[in-house]
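Undergrad: Listed here are the chains, written in short residue letters.
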Amino acid sequence: MNVRNSPKKVYLLHAAVIAGLFALNFILPEYHHGVLARVMVLAVFAMGYNILFGYSGLLSLGHAMFFSAGLYGAGLTVSHLGWGMAAGFAAGIVSGALLALVIGVLALRTTGVAFMIVTMMFAQVFYLLTLYFAEWTRGDEGFVLAQQARRIDLGDLHFNLTDPATRYMAALLLFSVVLLATLAIVRSAHGRVLVAIRENEERTRMLGYDTFANKLAAVVVSGVICAAAGAAYALLFGYIGSTFATVQYSILPLLWVLLGGAATTLGPIVGTLFMFYVVDITSGYTSAYLLIVGVALILLVLYFPKGILGTVRERWIRWLP
Amino acid sequence: MTPLLTTRDLRKNYGGLRAVDGVDFAIMPGEIRAVIGPNGAGKTTFVSLICGRVPPTSGQIVLDGNDITDLPAHDRVRRGIAYTFQITSVFSALSAYDNVALPVQRTLTGRSKGRLHAGVMSALERTGLADRADTTAGALSYGHQRLLEVAMGLALKPRLLILDEPTQGLSDGEIESFMQLAREIARDATVLLIEHNMQVVMELADRITVMNAGKILAEGTPEQIRANAEVQRAYLGTEA
Numbered sequence: 001m002n003v004r005n006s007p008k009k010v011y012l013l014h015a016a017v018i019a020g021l022f023a024l025n026f027i028l029p030e031y032h033h034g035v036l037a038r039v040m041v042l043a044v045f046a047m048g049y050n051i052l053f054g055y056s057g058l059l060s061l062g063h064a065m066f067f068s069a070g071l072y073g074a075g076l077t078v079s080h081l082g083w084g085m086a087a088g089f090a091a092g093i094v095s096g097a098l099l100a101l102v103i104g105v106l107a108l109r110t111t112g113v114a115f116m117i118v119t120m121m122f123a124q125v126f127y128l129l130t131l132y133f134a135e136w137t138r139g140d141e142g143f144v145l146a147q148q149a150r151r152i153d154l155g156d157l158h159f160n161l162t163d164p165a166t167r168y169m170a171a172l173l174l175f176s177v178v179l180l181a182t183l184a185i186v187r188s189a190h191g192r193v194l195v196a197i198r199e200n201e202e203r204t205r206m207l208g209y210d211t212f213a214n215k216l217a218a219v220v221v222s223g224v225i226c227a228a229a230g231a232a233y234a235l236l237f238g239y240i241g242s243t244f245a246t247v248q249y250s251i252l253p254l255l256w257v258l259l260g261g262a263a264t265t266l267g268p269i270v271g272t273l274f275m276f277y278v279v280d281i282t283s284g285y286t287s288a289y290l291l292i293v294g295v296a297l298i299l300l301v302l303y304f305p306k307g308i309l310g311t312v313r314e315r316w317i318r319w320l321p
Numbered sequence: 001m002t003p004l005l006t007t008r009d010l011r012k013n014y015g016g017l018r019a020v021d022g023v024d025f026a027i028m029p030g031e032i033r034a035v036i037g038p039n040g041a042g043k044t045t046f047v048s049l050i051c052g053r054v055p056p057t058s059g060q061i062v063l064d065g066n067d068i069t070d071l072p073a074h075d076r077v078r079r080g081i082a083y084t085f086q087i088t089s090v091f092s093a094l095s096a097y098d099n100v101a102l103p104v105q106r107t108l109t110g111r112s113k114g115r116l117h118a119g120v121m122s123a124l125e126r127t128g129l130a131d132r133a134d135t136t137a138g139a140l141s142y143g144h145q146r147l148l149e150v151a152m153g154l155a156l157k158p159r160l161l162i163l164d165e166p167t168q169g170l171s172d173g174e175i176e177s178f179m180q181l182a183r184e185i186a187r188d189a190t191v192l193l194i195e196h197n198m199q200v201v202m203e204l205a206d207r208i209t210v211m212n213a214g215k216i217l218a219e220g221t222p223e224q225i226r227a228n229a230e231v232q233r234a235y236l237g238t239e240a
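Residue numbers (our numbering), protein chains in the order written: chain B, 1 to 321; chain S, 1 to 240.
Note that these hints are calculated values from the structure, not bench results. Treat the hints loosely; a few may be bogus.
Claimed, not checked - Heads up, simulated DSSO-like pairs for lysine-lysine below, C-alpha to C-alpha not over 27 Å straight-line:
{"hint": "1", "chain 1": "S", "residue 1": "LYS113", "chain 2": "S", "residue 2": "LYS157"}
{"hint": "2", "chain 1": "S", "residue 1": "LYS113", "chain 2": "B", "residue 2": "LYS9"}
{"hint": "3", "chain 1": "B", "residue 1": "LYS8", "chain 2": "S", "residue 2": "LYS113"}
{"hint": "4", "chain 1": "B", "residue 1": "LYS306", "chain 2": "B", "residue 2": "LYS9"}
{"hint": "5", "chain 1": "B", "residue 1": "LYS306", "chain 2": "B", "residue 2": "LYS8"}
Unchecked claim - So the derived list for chain S, only partly shown, Cβ under 8 Å to chain B, looks like this:
{"hint": "6", "residue": "ALA73"}
{"hint": "7", "residue": "SER89"}
{"hint": "8", "residue": "LEU94"}
{"hint": "9", "residue": "ARG106"}
{"hint": "10", "residue": "MET152"}
{"hint": "11", "residue": "LEU156"}
{"hint": "12", "residue": "GLY220"}
To be verified - So, partial list: chain B residues that the calculated Cβ filter (under 8 Å) puts toward chain S:
{"hint": "13", "residue": "TRP83"}
{"hint": "14", "residue": "ALA86"}
{"hint": "15", "residue": "GLU141"}
{"hint": "16", "residue": "VAL144"}
{"hint": "17", "residue": "GLY191"}
{"hint": "18", "residue": "ARG192"}
{"hint": "19", "residue": "VAL193"}
{"hint": "20", "residue": "ASN200"}
{"hint": "21", "residue": "ARG203"}
{"hint": "22", "residue": "ARG205"}
{"hint": "23", "residue": "MET206"}
{"hint": "24", "residue": "GLY208"}
{"hint": "25", "residue": "ASP210"}
Please read all numbers here as calculations on a predicted model, not as lab measurements. Glycine included, every Cβ here is placed at the ideal spot set by N, Cα and C.
Excised from the complex, chain S in its bound form:
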């Protein structure tokens, strides 16, 4: 099986700081992959390079055998890379319905009010927000705004969905239903997840990539990572 996405010697420098420092990375189709690492390890910069929000200093990004390194972000979204923001970034003045209608209408070819409505409601139902369709996004609770963010990502029908700290600020109950949702998403998409909550990572991820100081420190199944002494020293030890 060939990877959905690979990066080769990917680098990003901010002045003298090497935020991402020569990362070789591959993710298989259908996988749930978690990226973990201490604050400032370069996780968000790394996924920003993949989705095109930030241009790399050097290196290569390949999606499905095509070099996408120089494509603008909106083209990458059209090729199936969706990104949900770490800091909730919904359109707070618009209704939840309109928030989701934006990604849905982009994936529709031709004009059809009926299909738009069906697409929007299906994304809202999957995230449990259907009864709040007409609520202004800014008036939703924080947990619901996070879910709306996921609904927008889902509505893009992505092949690779990048979730940047999706459970941050959620209650235990909300985290539980988020994990269910993530598993369901992974049935027809590949999920790349940055996450600090170790319980979520261990239960959800097929494989885990550990980053530290811009480099990949270790990679493996949750069991392998849990047993890795180097990882424990760099990361888990300080957290647990």
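Just chain B, same shape as in the assembly:
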């Protein structure tokens, strides 16, 4: 990992990715344009997961609850309290932060397999709560945000989040902010401590670091990013349902990150995009598309065990962060 000596290349690469996604807004046909907007928001979810799993080495199986905390935090305040888009988004993020703080304090008393199980159980509790309070959440069926509520007015500027181009740009903005934030964290002193905890927690402790406090910070940052993705999903696509709180949505970010390359800044977007299109293309040909997805995953694990970008970094581009 020789990021230290090539910071310029790193910044250029990330700027190029963001510029490329910006350009695609004007080129892509309608269908793929919509797909990419959605993938960018889900990639934010994956990036949040990557902070905890990839960099800090904590495997959570409950991240659906952070995504859903943002989803419901934004969705419920907008639909029931009549809050605006910005306030709703903030409510989603605050919900995620508080939840992550509480869950972190409790779950970090465990490690390894126990940590996986505890996070999964908490996520299950969260899912059941969304069903229990069906009066507001409408449970499985979910609810839709009214079209006229999904507008942002800034003086004379009016943004309509149901308009595809606005939606794409909003998704790109969030994606870019989180991508650069991830890069900053990874290159910071704190990022180095997180990697050290992943590699050898006992040694890190004996260098004078409070590893519990550092891991808790990682859980909260991760939870906030995932909640931001959830809140954006609610506001941009207008649908809030308990499906997003199921265990499936805890497994998906793990898959995306593993595919793209754990502990790489760009791995989450690569993995999410790849997975989305594998499912999309194969389901066009056969109803047994999950079979093909499974085979694709097995091939990937065999030939790219560290994920796509993880393997690229190992073999070719050593400076990839």
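We have chain B already, so just place chain S on it with the hints.
TA: Okay, now just chain S, sitting in the frame of chain B:
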């Protein structure tokens, strides 16, 4: 002169085994102290109690007049107790530079890339690893990994540096340069050393503490220890 660190009636039991059994110990600032004793004498457990990796069953540890018995390990490191592991415990996936940057950045207040870099390079230079800064720690030779371990301890700017069998597995040449390094470290830190190599102990230590079965058997200068009949029976006789 008051001791830098003292322990009073320090005990650690593992079930029925008394690994450390009522140790009263004191180390003066600036001293190089070696702890020797046969395998299973409780040396590693004893220094683990001092650095906080293991909680004591009873007794007291005092650093500079402050009771640190109940402090967590990371707080003790912040107060100047650094421990280098007996089994090499570097971050093998990270570069040598990043390994040393971790302790250095902890001692820096505020953010300054320049000072971080200077601190890292100075610790690497003192241990002779400067030209290997970008090598992955896991790819370094065993001797160099031991030195990296020492560099990490040094980078903490400790007041008490605990070295647990630092020369184990090193070649004669490497041992020679290690002893030079240890003397240099002792100019601004106190060194507590667990060591099996008698030549290193005799040449390096100001004083020697001999442990056996969890207790302190004898303590004194190298000459006194060499002349002590009880020590010879318990330890030196079997080794030499």
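Undergrad: Determine for every hint whether it applies to the structure shown.
TA: Hint by hint, here is what the structure shows:
1. LYS113/S - LYS157/S: 18 Å, holds
2. LYS113/S - LYS9/B: 19 Å, holds
3. LYS8/B - LYS113/S: 16 Å, holds
4. LYS306/B - LYS9/B: 22 Å, holds
5. LYS306/B - LYS8/B: 25 Å, holds
6. ALA73: ALA73/S check passes; min Cβ-Cβ to chain B is 5 Å, inside 8 Å.
7. SER89: 5 Å, holds
8. LEU94: Hint holds; LEU94/S Cβ to chain B Cβ min 7 Å, cut 8 Å.
9. ARG106: 5 Å, holds
10. MET152: With a minimum Cβ separation of about 7 Å from chain B (threshold 8 Å), the hint on MET152/S holds.
11. LEU156: 7 Å, holds
12. GLY220: 30 Å, violated
13. TRP83: 37 Å, violated
14. ALA86: 31 Å, violated
15. GLU141: 47 Å, violated
16. VAL144: 46 Å, violated
17. GLY191: 11 Å, violated
18. ARG192: Nearest chain S Cβ about 6 Å off; hint holds.
19. VAL193: Result: holds, 7 Å to nearest chain S Cβ.
20. ASN200: 6 Å, holds
21. ARG203: OK, holds: ARG203/B within 8 Å of chain S, min 5 Å.
22. ARG205: Status holds, d = 5 Å.
23. MET206: 5 Å, holds
24. GLY208: 3 Å, holds
25. ASP210: With Cβ-Cβ at 5 Å, under 8 Å, it holds.
When the structure is compared with the earlier hints, violations turn up for hints 12, 13, 14, 15, 16 and 17 and for no others.
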